[in-house]
Each structure stands twice: as C-alpha cells, then as structure tokens.
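Following the hints, put chain B in place on chain A, whose structure we already have.
Line order of the protein sequences matches chains A and B. Each residue of the first sequence is one higher than the one before, counting from 0 in numbering that gives the first Met the number 0. Each residue of the second sequence is one higher than the one before, counting from 0 in numbering that gives the first Met the number 0.
It cannot be assumed that every hint is accurate.
As the list claims (entries may be wrong) - The calculated lysine-lysine pairs, modelled on DSSO-like cross-linking and capped at a C-alpha distance of 30 Å, are:
1. B/K218 <-> A/K53
2. A/K114 <-> B/K134
3. B/K30 <-> A/K63
4. A/K194 <-> A/K246
5. B/K134 <-> A/K81
6. A/K114 <-> A/K175
7. A/K63 <-> A/K26
8. B/K25 <-> A/K63
9. B/K47 <-> A/K114
10. A/K17 <-> A/K77
11. A/K63 <-> A/K81
Worth flagging that the hints you see were computed from the coordinates, not collected in a lab.
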Amino acid sequence: MNLNQNILEKTEKVASKKLMLEIKDLKKSFGNNYVLNGFNLELYEGENLVIMGKSGSGKSVMIKCLVGLMEPDSGSIKVMGKDITILNRMDLDELRTEIGFLFQGSALYDSMTVKENLEFPLRRHKHKFGHITDTTQLVIEALQSVGLADTIDLMPAELSGGMQRRVALARTLILKPRIILYDEPTSGLDPITAKEIIELMRHIQGQYKTSSLIITHDVDCARVVSERMILLIDGVNYAEGTFAELKASKDEKIKAFFK
Amino acid sequence: MLKLIQIKSFFIEIGELTYFGKRFFKELFNKPLELKELLRQCYNIGNKSLLLVGVTGFIIGLVITLQTRPTLEEFGAESWMPSMVSISIVREIGPVIIALTCAGRIASGIGAELGSMRVTEQIDAMEVSGTNPFKYLVVTRILAATLMLPILVILGDAIALYGSYIIENIKGEVSFQLYFNKVFNALEFGDIIPATIKTYFFGFAIGLVGCFKGYYCDKGTVGVGLAANSAVVFSSMLLFIIDFIAVFVTDIFFEI
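For reference, chain A alone in the conformation it holds in the complex:
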C-alpha cells in the first residue's frame, strides 16, 4: 500500500513539473566513431540530473549538442519546448540566455577583468532586465552569490582555480538562466575546493530555482547534488535511477563507477 502510494506520489510530482530539456534519439559520430548512439534525456523544472560516464563516452559532445555548439547527426533536442536543431541564429541566441553553461576549464575571457567577464553576456541581452544603464549592480549581485564580490577588478590570471570556477559560475548566473549545464564542475580542483563548489551548486539551485544538468565522473559530486542519474555507456542511456538505486546495482558496468 505504502509502496504504491510512493510511486503514485512520485509520478504525480514529475507529471506536474514542466519539462525543461528533452533529448530524443540523439546520434553523433566522428567518422566511423559513433559517440552518441540514440541517447535520450528528460530534465524537469527544478531538478538536478547527473550524467555519469567514462572519459570519451560522449558526455561533453552531448552537452555541446544541447547548446548548439555541435550539430547532431540525427535526433531532436528541445529546450523549453523549442527544438534547437531547427532554430535560426537569432532565436537560438535568445534561447541561450535561458541556459547557463559552466565550462570544465572555467573559460573566463583572460583579456578582460572579472567585471568585464560578467558584463559580457549583458551586452546583447540587457533587455532581459528592462531599461538598465548601469550593469554594475547586477555584476555585484552575481559575484556576491558566489562569495567573490571583492574580486570585481581583478584579472582571471590573478585568481586561483577554485575562484576562477566560481567567477565562471557567477557569469553563467548573470542572465538569470532557468537551466544550468555543468561540464565537470569539480575536475582539476583539490578535494576541499571541489567540496566548496558542490556546496555552491546546491546553494545556487536553492537561490535561483534552476534546473541543473551536471556532467561528472566525480562520485562525491554525484552523490551530493543528484536527484536522478543517468549512466552514459557506449553512447546510450545504460542505466537510470537515483544515486542509491544505481549504487546498489549488481551490474558490473554500473558497479565500476562506484568503486
């Protein structure tokens, strides 16, 4: 009785939420190398979905297809109901303001100060905030949310790796996106800084009510932030479930991720 009730509650909860991202039968190959071979994904409003996979399993290719940086061979990618594979440049740019992307290596513009880095996305999309002339307040707010308001005039080279990652996160937040894509958010960081970034991700999700798609092979990160997980193996969804469900699996390929 209780189990049936739980399943019913879960189904109702998911059905009542808006679908933010939907990937259907995504295929992408490089020559004869089929990186994605019919990948599917659904991300709901306010959800934290983690994609785990080995290096070279196509995680980064998938996330790049998702924002239009790569063109898939076939399949559909819908972001908030709009198929990005058929959008024109202007509509795609407009839709991209709803998606924040945290790059693996932070990707801060190294010829610009932190302030200029954060102001850059506002150049084209200031209209999202009405008729504002001074963007400094928005920059300060975004930096405060990652705890780095005092770095506003520094250059990226003057920041540590962890600080760069946090400034990059502030840059993704400046346009108040509804979806945030994290590409290996903790890679290359020491365990303590990685933990800080994970906490920050949770804090931001609570503050900005965003939906998050996190690509990682850091089990700790997946454990803390995931509500649902997908294991990407050989270009397809090999397994799907909560962290606990997947960890308890007897399948050797799944167990390998949690060793």
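Then chain B, alone, in the frame of chain A:
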C-alpha cells in the same frame, strides 16, 4: 599519394578561407557594430606596431641608399638618387617589406590569441552566452588590420625616405629641402595611389588569415603554436600573390 592528399587539403583550406572571408562581409554591417572593440584592435595593431614599422622603414631607407649610391656615382648619376629611392620605396619595397613585417607581428598575434581562446573554450563561452564571437573577435580584427596597414605603410615609407635623406646628407651634402623636392617631383599619382590601395588588401589578407587560423585552431596548445606559425607563412605567401596581381592591374591602368 601523400602529395595528392597535401594538394587536396591545400585547396580545401583555400575554400574554407574563402568562405570565412564571405562570412566577414556578411557580418560586417550587422549590429552591434562593436566600435569599442574595433578601436581597441586598431590601437593594438596600429599603435603597437609603430616601433617595428619605424625601425624597419628607417633601415630600408639607409640600406637602399648606401648600396645603390656607389653604382650611381660610377655613372655620375647621384642626383637621381632621391627619385630612384622614392619610387622604389613608395611603389614596391615599402609596402611589401612593411606588410611582411606586420604579417609577422599581427597575423601571428591574432592567430595565437584566437587560437588560445579556442582551445580554452573562451570562444564557445561567448557563443553560449548568446553573443556572436565572429562579429566581436573576427570582424573587428580584420577591419582593424585593413584600416591600420595603409597608415603604417605610409608612415614606414616616410621614415624610409628620411633614412635615405640622412645618408644623402652625409655622403652628398644634399639639403633636406632639395632632397624632398626631388622626391615629390619624381612621384606621380600612378605611384602613390595603386601602392596605397594594395596595402588595404595586404591588411585584409593579414587579418583574414590570422583570424582564420586562430578561430579554427585545434589540437590543444600545440595547435596554438601551429596556428600562429601557419598564419605568418600563409599570410606572407598571400601578400606576394596580392602584390603580383596589384602590379599586373596597375600596369594595365597606369602603364608603369
């Protein structure tokens, strides 16, 4: 077999470069105009090349005069020196050598800068933030190189002529006024205008190749080095081709 593949990839690259150039003209008048970035690039390309162009121009003037003088003296034709030097510098040597020097500085600089932005995903980051990186990074740099190179060449020519005057003044005791009177008497419309027009094409080629190599850079940090290197080689080669075409066309219209 290997040569065939190399030839094929060369022509593919020419095709891609042409498409890249076409995209430049397509995006040129699209908004936003990125004037602030254009001015910044003009400063980077123009102002920061001044010393290099000045030194190169000065040495060109000195060397040409020093090496030509003995031959002219042999025929008792030293008085022809200002005319000869001015025509050769303004028409050909000045634009080509200064453009080659600038190709070394500008094309490699652009290639390395955009290349490192590509491999560190900064260009991707611009793209996903809904900004057009081609307009912001490429159009401004090509336009700045196109606008700045003629100015640099004119300045380099002037300094080269001044260098030549110094040698003439030392060896032949020619006054500044006499030397430059002879220079301006020798130069005609057909010497200055075609030489200046071709420098716009030189600037365009340098900017285009530098941006093309950097924008499509891959293979990590090794790729950045390759992009910078091939930007210089490819743009230098393109400069000679443009120069040949320019001389050919000038010959038709101005009868050199």
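Verification of the supplied hints:
Distance hint between B/K218 and A/K53 is fulfilled; the C-alpha atoms sit about 21 Å from each other, no more than 30 Å. The hinted pair formed by A/K114 and B/K134 meets the criterion: a straight-line CA distance of about 21 Å does not exceed 30 Å. At most 30 Å may separate the alpha-carbon atoms for a hinted pair to count; B/K30 and A/K63 meet this at roughly 26 Å. Distance hint between A/K194 and A/K246 is fulfilled; the C-alpha atoms sit about 21 Å from each other, no more than 30 Å.
Pair hint B/K134 plus A/K81 holds up; C-alpha atoms about 25 Å apart against a cutoff of 30 Å. At roughly 16 Å between alpha-carbon atoms, A/K114 and A/K175 fall within 30 Å of each other, so this suggested pair holds. With a C-alpha separation of about 13 Å, the suggested pairing of A/K63 with A/K26 holds against the 30 Å cut-off. A hinted pair counts as satisfied when its Cα atoms are at most 30 Å apart, and B/K25 with A/K63 qualifies at roughly 26 Å.
The straight-line distance between the Cα atoms of B/K47 and A/K114 is roughly 26 Å, inside the 30 Å bound, and the hint therefore holds. Of the pairs offered as hints, the one joining A/K17 and A/K77 holds, with about 13 Å between alpha carbons and a cut-off of 30 Å not exceeded. Between the alpha carbons of A/K63 and A/K81 the distance comes to roughly 16 Å, so the proposed pair stays at or under 30 Å and holds.
Checked against the numbered hints given earlier, this structure breaks none of them.
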